[in-house]
Amino acid sequence: MTTPTSTPGARGADRGLVLLRRVADHGLLWPVVALVVLIVACGLKSPGFLDVALRDGHLFGQLIDLLRNSATPLLLALGMCLVIATGGIDLSVGAVMAIALAVSLTFLDGAADPGAPATVLLAIGLGLAAGVVGGSFNGFMVAVLGIQPFIATMILMVAGRGIAMLITQGQITTVTSPPFKSIGSGFVLGIPTPVVIAAAAFVLVAVLVRRSALGMFLESIGINREASRLAGVRSRSTTWIVYVIAGTLAALAGLVYGAPTMAADANNIGLLKELDAIMVVVLGGTKLDGGRFNLGGLIAGALLLSALERAVIIFQLPSQTTPLFKAVVLIAVCVAGSPILRDRVQARRLRARAARPVEVAA
Amino acid sequence: MSETHPPHDEVVRMTGITITFPGVKALDGVDLTLRAGEVHALMGENGAGKSTLIKALTGVYRVDAGGIEVRGEELAFDGPEQAQAAGISTVYQEINLCSNLSVAENVMLGHEVRRGPFIDWRATRREARRFLQRLHLDLDPRSMLASHSIAVQQLCAIARALVVDAKVLILDEPTSSLDKAEVAELFRVVRTLRDEGVAILFVSHFLDQVYAIADRMTVLRNGRFVGEFRTAELPRRELISHMIGRTGEALAGIEQQARAAVTSHSSRETPLLTAVGLGKDGSVQPFDLALYPGEIVGVAGLLGSGRSEVARLLTGADRPDHGEMTVHGTPVRRATPLASLKRGVALSSEDRKREGIIGDLTVRENVALALQASRGTWRRVPRRELDEVVQRYMVTLNINPPNPNALIKNLSGGNQQKVLLARWLATSPRLLVLDEPTRGIDIGAKAEIQKLVTDLAADGMSVVFISSELEEVLRLSQRIVVMRDRQKVAEIENGDDVGTGTVLEAIAASGESA
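Protein chains in written order, with my numbering: chain Z, 47 to 408; chain C, -10 to 503.
Chain Z with its partners taken away, still in its complex shape (with noise of 0.2 Å):
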């Protein structure tokens, strides 16, 4: 009790100094951060931005529009980050996105009834089976013939539009189906479809990946996939696996993104969406070398890449701009969350810390 530091009053600011530390050492104190200030930013700028009002029984606010333009990014994000875990990458989600959409599109173009449930049902499970067909094949080439993931999947995107535009046929197809539109603009409860489709989608997934052993296997290939091998961990059908998820929920993200329109346009639905799932992933924490995955990070990701949409309309920038404005985001949080940087400031302040008695004496 002699020394000024055991003071219970110094005792409790270290422990506040620890917490702090902690936090910052998180890997998502920084998108987190930037997703809040562009929050308050919309907030000022356009004072309407922080309502949510209750219409009909439906949620509705500029809040709610940002929840909803989440949806899409968080369910290709969740299966690229688990396709990243294993050391991989997905870059057909966006073509399998029109795959699926042209699949269930033209399905409901051909039925005799497109409004019925049954048609719509079956149309949906038809999209999906696109995913995981494509899927399939990704894991395929990835897992069995061991080709490199970054042009295993980048086959099924450069082809991927030529076939959802051969099931097309050419052309844009577009089918009045209301439940089937309901599943992209309708309310569960009062929130919207999308919301609940993508949440329902998070929690399966987490559920799948951490209260099984499939997370841990994920992750053992990702780091050491020799050293899994000879664990026992099968690698091959583990990755096979991640692809078909990969694609499959990109199958979702497709229906749900193309819903609204109601029109499969082969060449432009979920285009370049691969890469924004890609920066989810990055901004969710999780490094693209693979191992170690953080699927929690992925909300803050998804939330933060549709506030810089969002953001970019408010401030009333040219559209044309906003790639622009997600690599400035994308470059301020992985600097801010740079290991190097961090231990240079650790230093520096360790330095200072050591300097400090030094010019006292002086």
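No lab work stands behind these hints: they were computed from the structure.
Take the hints with a grain of salt, since some may be wrong.
Here are a few chain C residues that sit away from chain Z, every Cβ distance over 10 Å (derived from the structure) [as the list claims (entries may be wrong)]:
#1 104
#2 131
#3 152
#4 153
#5 231
#6 269
#7 310
#8 323
#9 333
#10 486
A few chain Z residues facing chain C, derived, Cβ under 10 Å [said to hold, decoys possible]:
#11 258
#12 266
#13 268
#14 269
#15 270
#16 272
#17 273
#18 275
#19 277
#20 284
#21 287
Please read these numbers as outputs of a predicted model, since none were measured by experiment.
Even for Gly, the Cβ is constructed at its ideal location relative to N, Cα and C.
Starting from the structure of chain Z, add chain C where the hints point.
Using the frame of chain Z, we list chain C on its own:
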């Protein structure tokens, strides 16, 4: 130039070479003399300092003390460029050529025939063919390097040494991936070069090859110079004694004491595992082996003799090309690590870093991995059971720090090894194959692991114990399998009359069949 002229045939003279790494003296006063028109072998076990010495000669490492003379001139290498300029050329085990370029481009790289600012490709190819023909190699200079076998690629690397007019050629483990005919071809080329007056430094783990090609040899042990010998005057047994560091007689006494500790628990009635004619092309020749419950079988042999390959075949890490294996009398059809684990057969690999630890996962996850894998992806090992298993092995193996949430990459080598042992023990194996479980770990951990192995066998587990340390193998094993040149050459029943000498004899016995 004439006043410091050495005896005319000495091309390289390294004297008193000392290299210190933080905390370790890698080389301590080592001499090496290479003579023109001679093949000189550099011998020593793993960690003896062979590659450090080569890197000193090629300018990769700076020497802390000692001198390097090349053709009578004292040289202080600041980098590999100067060594190359002095005429020292190296061919590594992993070929450092560009496999996607043509033979001519590789051989002539940096020495292309120029016409003004352009390369005269026709003349370059002609030159390349000339150099290849000097080695009696009939290759199309236009063909892609990758289209040739590893052996031919290696010969191209040697041809490249001619292009740069090498006075000294270093061949670092050139034969480890070659078959017999390819080795013969390589040796023909090496002899051609030797007769042209090139000084050749040859490093290989294959004793038969060393005796076939080398005129002289320098032996290193633990970073120290043991001696320089004429091959013809050094019997194999003596060479191995020099490499390992004890004579067979001196060791015998130590073993007699240790021997008492080994009590035979094995019944030798029904074998746990039998292998008949098990082999893999290019890896290990077919061998027979039977393993019994409660028995420790040691595998002895020099590095590269096929020890690890035997371990990998027994445990499904590699798929055999020949032969059959049964576990508990049931023929093994699917040879995969997972299938082996389920049969109760586990392998602890010699390469802890690449084939063992999952660096970024915690100690708990690293222990859990094999147990979880054997139960499948969907039946997760309950957390309580897992914690109990991890806690048990943390205590019995004395893992430090005793924190299951620490990342395994932050543990010391010895503790990583213990975590890996815990991983395999957690699957309750009936056969545990340990490939160099005590390599690179401190004495204390080593003794703990040795004791664990005898305890496990006493409980009825069958253990295969592979180690470079002969004493360790002799102390622990009831039977010793001896490997040489990827062949099982002997199986010795351990007993009072068996000492290091017996095993050395078997390792060294001239291999007519190899």
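Going through the hints against the structure:
1. 104: 39 Å, holds
2. 131: 28 Å, holds
3. 152: Its Cβ never comes within 10 Å of chain Z, the nearest being 34 Å, so this holds.
4. 153: Check passes; 35 Å lies beyond 10 Å.
5. 231: 35 Å, holds
6. 269: 16 Å, holds
7. 310: 19 Å, holds
8. 323: The claim holds: residue 323 of chain C sits with its nearest Cβ about 12 Å from chain Z, beyond 10 Å.
9. 333: Holds, because the least Cβ-Cβ distance between residue 333 of chain C and chain Z comes to about 12 Å, which exceeds 10 Å.
10. 486: 38 Å, holds
11. 258: This hint holds: residue 258 of chain Z lies near chain C, its Cβ roughly 5 Å from the closest one there, short of 10 Å.
12. 266: 5 Å, holds
13. 268: 9 Å, holds
14. 269: Holds - the Cβ of residue 269 of chain Z comes within 10 Å of chain C, reaching about 5 Å at its closest.
15. 270: 5 Å, holds
16. 272: 5 Å, holds
17. 273: Because about 5 Å separates residue 273 of chain Z from the closest Cβ in chain C, which is inside the 10 Å limit, the hint holds.
18. 275: 6 Å, holds
19. 277: 4 Å, holds
20. 284: 7 Å, holds
21. 287: 8 Å, holds
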